[in-house]
Amino acid sequence: MLTSADLDTLLLTFKVASLTTLLMLLIGTPLAWWLARTNSIFKGFINTIVSLPLVLPPTVLGFYLLVIMGPAGVIGKLTTELGLGTLPFTFPGLIIASVLYSMPFVVQPLQAAFTSIGEQPLEAAATLRASPLDSFFSVIVPLTKPGFLTASILGFTHTVGEFGVVLMIGGNIPDKTRVVSVQIYNHVEALEYTEAHWLAGCLLAFSFTVLFILYSVLKTQPNVQQLK
Amino acid sequence: MPPITARFQLAYNAFSLDVDLQLPSTGITILFGSSGSGKTTLLRCIAGLEQAPIGFLEINGSVWQDSEHKVFLPTYQRNLGYVFQEANLFPHLSVEDNLQFGLKRLGKHPNKTELQNLLELLGIEHLLKRMPERLSGGEKQRVAIARALVLNPDILLMDEPLAALDFKRKQEILPFLTRLHQQLEIPVLYVTHSHQEVAQLTDTLVLLEEGKVLASGSLSETLSRLDLPFAQDKEASTVWQATLIAHEADYYLSRVAIADETLSLPFIDAALGTSLRIQIYARDVSIALEKPKATSILNILPALINDFTHDSYGQCIVQLRVGTQSLLAHITRKSALLLGLKRDMPVYVQIKGTSLLS
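These protein sequences, in sequence, are chains A and B.
So in my numbering the end of the first sequence lands on 228, straight run, no missing numbers.
So in my numbering the end of the second sequence lands on 1358, straight run, no missing numbers.
Heads up, some of the hints might be wrong.
Sample of chain B residues at the chain A side, in silico, Cβ under 10 Å [as the list claims (entries may be wrong)]:
id, residue
1, 1092
2, 1094
3, 1106
4, 1297
5, 1298
These are computed hints drawn from the structure, not numbers from a lab.
Here a beta-carbon is modelled for each residue, glycine too, at the ideal position from N, C-alpha and C.
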């Protein structure tokens, strides 16, 4: 059975993943919109930065974050000046690292969705008196719902599944940074295979269910081709 | 209403647009040209979907663009209606919600009878609850036209609204456009490269080529100008405005009057006095020096040779005057030589066929 410590890690994991997903959507949506429509020379550069976590070992990202946010790092100095202390091994630090680490899983589906609907719906909305912001919420968001759904679910599940970054930047502090993946590692290290089984099973069932729902729902979503 | 003034200069890589137009404030003005002639770009500049770096645009007394004074109204602040080549309905909204989209943003409720009239005119009353994916191409386009017109725009811009439809759907929608034409009080700018749409809908014709205005003027004048590609085209024709004056039921014919002359046409199911638009293809017109007596052709009119030109395929394109109307005839160069055609020569034209446009 799940111990109360295990339950705490589950709860913390969902808290981290929810907050991270929300922040990623807030930051990732305008970023994806810009990337989908810009011809700027910085497009390739920004795309690369956003996508780096896809190919980098999580420990590398975690290591650099640790350095930058640590007492001697640029951000570490700034947060210390502001009286916030340093971010590594804290809940906010873990959230920042998670946002950076899972961002490509949010930005890429959104960027693809924005690109695929093209200019036409926006132009139609403009000729019907809708301002750009209005068009975004009344036309683009409904038309790219599948993209938002994919982005949210991939972002969420990927955050739930992270391990390396958490270890580097979050550590293993109960109720603060000890998430499920770390707890499973703890159990295995302690040869508590039964407990590890329970937690691992929970994650497997969760991930399978969420992805299954995602792909079942997406099949029935209106797609962009119907615009014509 | 004051006329529309539109001046734009814009250059892309290999394309440039440079136009200076005064357009009438009523009726349908057709922007005609081959692809790459800049007709769609011109329409998009007028809509503000494209911003010409140098431009001036005044419609119905309000200035939408004046680059000299850094004035550029974004599209959503321009009181226009725009119909795209592909209907571009919002797929997540029902027909009714598509129609309401602009109204909501104007904070206006449409006049119920006006709305009803519009729906009837376009034949879409029964479609209101449908989603766009369950409409045919022609229905989508009619909804798109209604969606643009329901806002009471100062101008209606139509970008090849029939180009994406097959022949049958085109025939289905053209009568609606003709009806619209008769009832609309606002100017319509209509982009097309279809001769049929030109003949059927135009009041004013603007001919574009490589981003420049080659000619603009009334339809009959422009169509019969020998220096323009229309007259040379295999489908070359002239369009006459006529009045229905008699029916000859026994022969299944109707007679129409054009100025002082009359023509027999296949029976037209309309009330006497109705104003009609008839199209006469240049290839259906032949020329005789004396009035033919024994001939099966019913429509023989006296005419004057105005001008003629030869193309490089053994064809002679003759521009004639029948009363005050222009008429084009395509004859062979050999016939032209045998007849000894000269300017201002009185002749007779035999018209083998006419088509009724509206």
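Evaluated hints:
Given the 10 Å rule on beta carbons, the hint for residue 1092/B holds: about 4 Å separates it from the nearest Cβ of chain A. For the restraint placing residue 1094/B at the interface with chain A, the shortest Cβ-Cβ distance is roughly 13 Å, beyond the 10 Å limit, so the hint is violated. Hint status for residue 1106/B: holds, given a least beta-carbon distance of 6 Å to chain A, under 10 Å. The restraint placing residue 1297/B at the interface with chain A is violated, with a minimum CB-CB distance near 47 Å, outside the 10 Å limit.
Given hint, residue 1298/B at the interface with chain A, is violated; its Cβ is 47 Å from that chain's nearest Cβ, farther than 10 Å.
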